Amino acid sequence: MTSREDSVGTVDVSKASGSADGAAPSLAADVQTLERAIYEVKRVIVGQDRLVERILVGLLAKGHVLLEGVPGVAKTLAVETFAKVVGGSFSRVQFTPDLVPTDLIGTRIYRQGREEFDTELGPVVANFVLADEINRAPAKVQSALLEVMAERHVSIGGKRYHMPDPFLVMATQNPIENEGVYPLPEAQRDRFLFKILVDYPTVEEEREIVYRMGVAAPEPHQILGPEELVRLQRVASNVFVHHALVDYVVRVIAATRTPREVGLEDVAGWIAYGASPRATLGIIAASRALALVRGRDYVVPQDVIEVIPDVLRHRLVLSYDAMADEVTPDAVIARVLQTVGLPQIAARPVPTVPGPPQQGAPQAPQFNAQGPVTPQGTATPQGNGAPIATAETMSRPQ
0 MTSREDSVGT VDVSKASGSA DGAAPSLAAD VQTLERAIYE VKRVIVGQDR LVERILVGLL
60 AKGHVLLEGV PGVAKTLAVE TFAKVVGGSF SRVQFTPDLV PTDLIGTRIY RQGREEFDTE
120 LGPVVANFVL ADEINRAPAK VQSALLEVMA ERHVSIGGKR YHMPDPFLVM ATQNPIENEG
180 VYPLPEAQRD RFLFKILVDY PTVEEEREIV YRMGVAAPEP HQILGPEELV RLQRVASNVF
240 VHHALVDYVV RVIAATRTPR EVGLEDVAGW IAYGASPRAT LGIIAASRAL ALVRGRDYVV
300 PQDVIEVIPD VLRHRLVLSY DAMADEVTPD AVIARVLQTV GLPQIAARPV PTVPGPPQQG
360 APQAPQFNAQ GPVTPQGTAT PQGNGAPIAT AETMSRPQ
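FYI, in numbering that gives the first Met the number 0 the residues of the sequence shown are 0 to 397.
No lab work stands behind these hints: they were computed from the structure. No experiment lies behind these values; they were computed from the predicted model shown. Accuracy of the hints is not assured; some may be wrong.
Okay, derived cross-link-like pairs now, DSSO-like style, lysine-lysine, Cα gap no bigger than 27 Å in a straight line [to be verified]:
| no. | residue 1 | residue 2 |
| --- | --- | --- |
| 1 | K139 | K61 |
| 2 | K158 | K139 |
| 3 | K41 | K61 |
| 4 | K61 | K83 |
| 5 | K41 | K83 |
| 6 | K83 | K158 |
Simulated restraints, written as ranges between beta carbons of each label pair [to be verified]:
| no. | residue 1 | residue 2 | range |
| --- | --- | --- | --- |
| 7 | A323 | A216 | 40 to 46 Å |
| 8 | A28 | F116 | 44 to 50 Å |
| 9 | R233 | Y319 | 40 to 46 Å |
| 10 | A271 | P96 | 38 to 44 Å |
| 11 | G262 | R159 | 45 to 51 Å |
| 12 | L26 | M212 | 34 to 40 Å |
| 13 | N237 | Q31 | 16 to 22 Å |
| 14 | S275 | K158 | 37 to 43 Å |
| 15 | A267 | E185 | 49 to 55 Å |
Every residue, glycine too, gets a C-beta built ideally from N, C-alpha and C.
Start from the sequences and build out the full structure, keeping to the hints where you can.
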C-alpha cells in the first residue's frame with residue numbers, strides 16, 4: 000500500500016474525498032439507500048435481523064462491533080457480506096496464539112539494493128477489518144489493536160500512519176472455548192461500541208438456509224461506497240436528540256456506578272465497576288444511527304432503550320458474587336432499566352384540516368402516550384400530571 004508522508008512526520012492513507020458535490024440527498028433517499036443495503040445483505044444472511052440492523056447501526060455510528068456466538072451462526076459471513084455491500088477495502092485477520100504485532104500493523108523491511116528501509120503496512124490498514132476469533136491472540140497483539148481502534152493510526156519506525164476513512168473493526172469470538180484463549184481486557188472491550196450476541200436460527204430459518212446455500216451462496220452487490228458511507232455517518236451524527244433523552248441516558252449510566260442511590264440494593268452487590276462516559280457517548284451515537292435507519296431525523300425513547308443493552312453488555316464489570324450466582328450483564332441492565340424512569344414523551348398532535356367544522360360531523364379523538372389530547376393539542380394530565388415533552392420538541396432544536 001502506498002502512502003504519502005506529510006510535513007509533520009505522519010502518513011495519511013485515507014481514501015475518502017469528503018462530501019460529494021451538489022445538493023445533499025433528502026432523508027427519504029438516504030433511508031431508501033440504507034434499506035437497499037439491508038436487503039442486499041439479507042439476500043445472503045437468512046434470519047438474524049437484529050444482527051444485520053446492529054452492524055449497520057455500528058457502521059453509521061462510527062463504532063467498532065464485537066460479535067459473540069457459537070461457531071457456524073454466520074458471524075464471519077455477515078461481516079464479509081457487509082464489507083462487499085458497503086464497498087471499500089476489506090481485510091481479514093485470523094487471530095492465533097502465535098500472532099505477533101507486526102503481523103497485524105506492519106513492519107519495516109530493509110532493501111539491500113537501495114540500502115534503505117521500506118514500510119510494509121499490515122492488514123489492519125483497511126476500511127473494514129475483520130478480527131476473527133480475537134480472543135485467541137495474546138495480550139501484546141490485542142494491545143497493538145487497541146491503538147488502532149482508539150487512535151485510528153499505527154506507529155511504525157517513528158512515523159504515524161493514519162487509517163483510511165471510514166475505518167471499522169468488527170471482531171468475532173467464541174464464548175464456549177476455554178483452552179488456548181486470551182479473554183479481552185476491560186480496556187479493549189470498552190473500545191467496542193456494541194457487543195452483539197448471535198443466537199441459533201429458528202427451525203424455519205435453518206430450513207431456508209439449506210435451500211439457499213445448498214447449491215451456491217448468493218453474491219451480494221455493492222450498494223454504497225466509502226464516500227457515501229462517510230456522508231451517511233455525518234447525516235446520522237446530525238440526528239436530533241432531545242435533552243430529556245440525554246438526561247435519561249446519563250441517569251442510566253450513573254445508576255450502573257452508584258446503584259444504591261436509585262434503590263438498587265441487589266444490583267449494588269452485582270456490579271464491581273460501572274460504565275464509563277464512553278458508554279454515554281456510544282448510546283447517543285447509536286440511538287441517532289438507529290433513528291436514521293428507521294427513517295427519522297430525531298430520536299425517540301424506544302431507540303435509546305433498544306441500544307442500551309448492546310452498548311453496556313461488555314462494559315459492566317460484575318463482582319464475584321454475581322458470577323457465583325450466574326447473574327448475567329443483561330439481567331443487571333434489565334434491572335437498571337426497570338428502575339430508572341423514562342422521560343414522559345407525548346406524540347405530536349395530528350393537525351386538523353383548516354376550516355369551520357361541519358354541523359354534526361363526529362370529531363375523532365386523538366391520543367398520545369399520556370392520554371387523550373385536548374383540542375388545543377395538549378395532553379390531559381394523567382397520574383401525577385408530570386410535564387411532558389412532545390415529539391414536536393424532540394424533532395426540532397429549541
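Consistency of the hints with the structure:
no., hint, verdict
1, K139 - K61, "holds, 25 Å"
2, K158 - K139, "holds, 20 Å"
3, K41 - K61, "holds, 22 Å"
4, K61 - K83, "holds, 18 Å"
5, K41 - K83, "holds, 13 Å"
6, K83 - K158, "violated, 31 Å"
7, A323 - A216: 40 to 46 Å, "holds, 44 Å"
8, A28 - F116: 44 to 50 Å, "holds, 48 Å"
9, R233 - Y319: 40 to 46 Å, "holds, 44 Å"
10, A271 - P96: 38 to 44 Å, "violated, 29 Å"
11, G262 - R159: 45 to 51 Å, "holds, 49 Å"
12, L26 - M212: 34 to 40 Å, "holds, 36 Å"
13, N237 - Q31: 16 to 22 Å, "holds, 18 Å"
14, S275 - K158: 37 to 43 Å, "violated, 31 Å"
15, A267 - E185: 49 to 55 Å, "violated, 19 Å"
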